[in-house]
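First to last, the sequence lines map onto chains B and A. In terms of the working numbering, the first sequence is residues 41 to 291. In terms of the working numbering, the second sequence is residues 140 to 386.
These are computed hints drawn from the structure, not numbers from a lab. Do not rely on the hints blindly, as some may be mistaken.
[To be verified] Covered by chain A, according to a simulated footprint, are these stretches of chain B (three or more residues, beta-carbon under 8 Å):
#1 120-134
#2 155-162
#3 171-178
#4 204-215
[To be verified] EDC-like mimics (lysine to aspartate or glutamate), calculated; alpha carbons at most 20 Å apart, straight line:
#5 K232(A) <-> E287(B)
#6 K278(B) <-> D216(B)
#7 K278(B) <-> D189(B)
#8 K197(A) <-> D180(B)
#9 K232(A) <-> D286(B)
#10 K217(B) <-> D291(B)
#11 K197(A) <-> D310(A)
#12 K114(B) <-> D189(A)
#13 K62(B) <-> D310(A)
#14 K232(A) <-> D216(B)
#15 K151(A) <-> D100(B)
#16 K232(A) <-> D310(A)
[To be verified] Negatives, chain A to chain B, calculated, CB over 10 Å:
#17 G169
#18 M186
#19 L220
#20 I225
#21 Y243
#22 F268
#23 V296
#24 L300
#25 H322
#26 A326
#27 V364
#28 V366
#29 N373
Heads up, the beta-carbon is just placed ideally off N, CA and C, and yes, glycines get one too.
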Amino acid sequence: MSAQSSSSTDVADAGRVPRAGKRDVWLVFWIVPAFYTAFGVIFFALARVMPPPRPDVTTDQMVHFFHAHALTIKIGFGILVLIVGGAGIANGIVAYHMKRMTVGSVMAYCYLGAMSVGALPGCLLVAFCFLTAVYRPGRDPQLLALLYDLGLLSYVGSLGCFATAYFAFAVAILYDKNEIFPKWLAYVSIWQIVTEIMAVPVFVSKAGPFAWNGSIAFWLGVVVFGFWLSCVIVFLMKATERQPVDEPPLD
Amino acid sequence: MQILAEAEDLPKTANIKTQLVSLWTAPVFGVVLLIAFLAFPGFFPPMSPDMTAEQVAKFYSDHTALIRFSMITFNLCGIMLLPFFIVIVIQMKRMATQSHVFAYCYLTAAVSGATLFALADIFYLVAAFRPDRNPELVMLLNDMAWMIFIAPVGAFVAMNLLLGAAVYFDDGPSPVFPRWVGHYAIATALAMAPAAGAAVFATGPLAWNGVVSFWLRNAAFALFVVVMFFVLRNVLHRQAVDEGVAT
């Protein structure tokens with residue numbers, strides 16, 4: 041940080057002045073796109089949760105869904121329970137860069153807390169519902185239908201954890217003077233909150249644009265989330281690039 | 140550890156003392172959890188996924204009291220291991236030659252992992268609440284209980300890989316942990332990782348009652364807590380001496 045510091049003083053300073061470097065930040069950063077790529081492959085291609093199967097189907101059709109996709113559900117969600125710690129890492133590095141802002145720590149800790157809680161209802165519960173469903177294909181069809189609803193409603197309908205995290209993220213960016221993230225990313229995050237609110241009717245609506253597979257309740261949210269996530273990854277990269285190598289470790 | 144009299148009331152002394160309290164939750168609640176583990180009638184041997192719905196229902200009606208004792212104890216005391224893992228976070232944040240991004244990722248993963256641990260025992264308790272329910276329903280609850288208890292190792296695997304990486308990157312003149320702790324953390328992650336297979340396999344070593352998914356996973360976790368207790372005790376002692384609050 042200081043202009044006087046040069047390589048000749050590094051050795052002398054090493055004992056007194058902590059120098060964090062940022063190779064660890066880069067290591068963690070690259071886990072983020074790797075994790076979300078795996079996440080996308082699992083939810084779209086393997087577990088068939090995206091796009092979600094329809095809510096307005098008969099019990100027999102729900103049973104058929106689990107029978108038809110049993111193998112890929114096992115592969116996809118079996119891998120997810122192993123790598124889901126990647127979500128903690130992806131949220132942890134955002135909290136880390138939020139703590140580098142000039143806004144105190146409160147929003148970083150809100151983001152960390154809300155996202156940690158959200159992993160279970162928003163991502164893992166559907167995995168366990170579907171894994172339980174395909175674990176015993178001969179189960180009573182009514183029970184498979186229950187797991188179908190429980191899994192999909194928890195996945196699409198987990199709203200508040202993420203709305204809280206986006207709120208903290210947006211407020212932190214708007215007050216930050218270090219320009220860790222661009223101001224417009226705060227407004228994209230506010231649109232993320234709007235999509236969570238637009239998904240409220242999934243608990244009531246069984247068909248149409250507000251159902252859990254609907255154009256507004258689901259697809260609008262997916263599009264905004266995809267855009268938001270791409271921006272977050274790009275700007276995490278830029279924030280890490282711009283971070284001074286001799287920045288001291290965080291408090 | 141002997142706290143110096145003149146340092147007794149300093150904030151940095153309180154920082155050491157609260158970490159010691161958190162550290163000692165591990166052996167105290169570790170013993171409680173071990174008793175709960177030994178008391179559960181379905182762990183010796185672990186219940187097989189092959190059991191029929193009627194057998195599962197009979198298990199819950201035959202052993203209701205012990206199941207309740209064991210799982211209520213897990214419910215009440217399981218998350219009391221969290222303070223122990225938070226001491227690891229605090230020590231990761233003392234590492235001088237890194238940014239502390241590992242510590243925040245570790246904390247986030249630890250909280251997510253704890254939510255799953257807190258959920259699994261509820262399923263056992265709901266199954267035991269009305270064991271005369273339709274046996275198909277008892278089996279559904281039992282399946283979810285076992286799966287959520289054994290399979291979700293992802294958070295712990297990530298935590299230990301982060302701890303390992305943090306130890307390797309802590310390569311300044313005074314590292315917090317000895318280097319073998321990094322190797323050991325990663326070895327524990329690798330030993331626990333295959334238990335994710337319990338979500339998929341119904342027979343063999345990866346099934347939830349298998350040698351790998353049940354015994355290796357749980358033994359590796361328990362051993363990690365025991366080993367890290369002694370490691371952290373030494374680390375805290377050195378921190379106290381370095382900060383001039385103890386001898």
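Next on the checklist: Under the constraints set out in the numbered hints, which ones does this structure not fulfil?
Outcome noted: 4, 7, 11, 14, 15, 21, 23, 24
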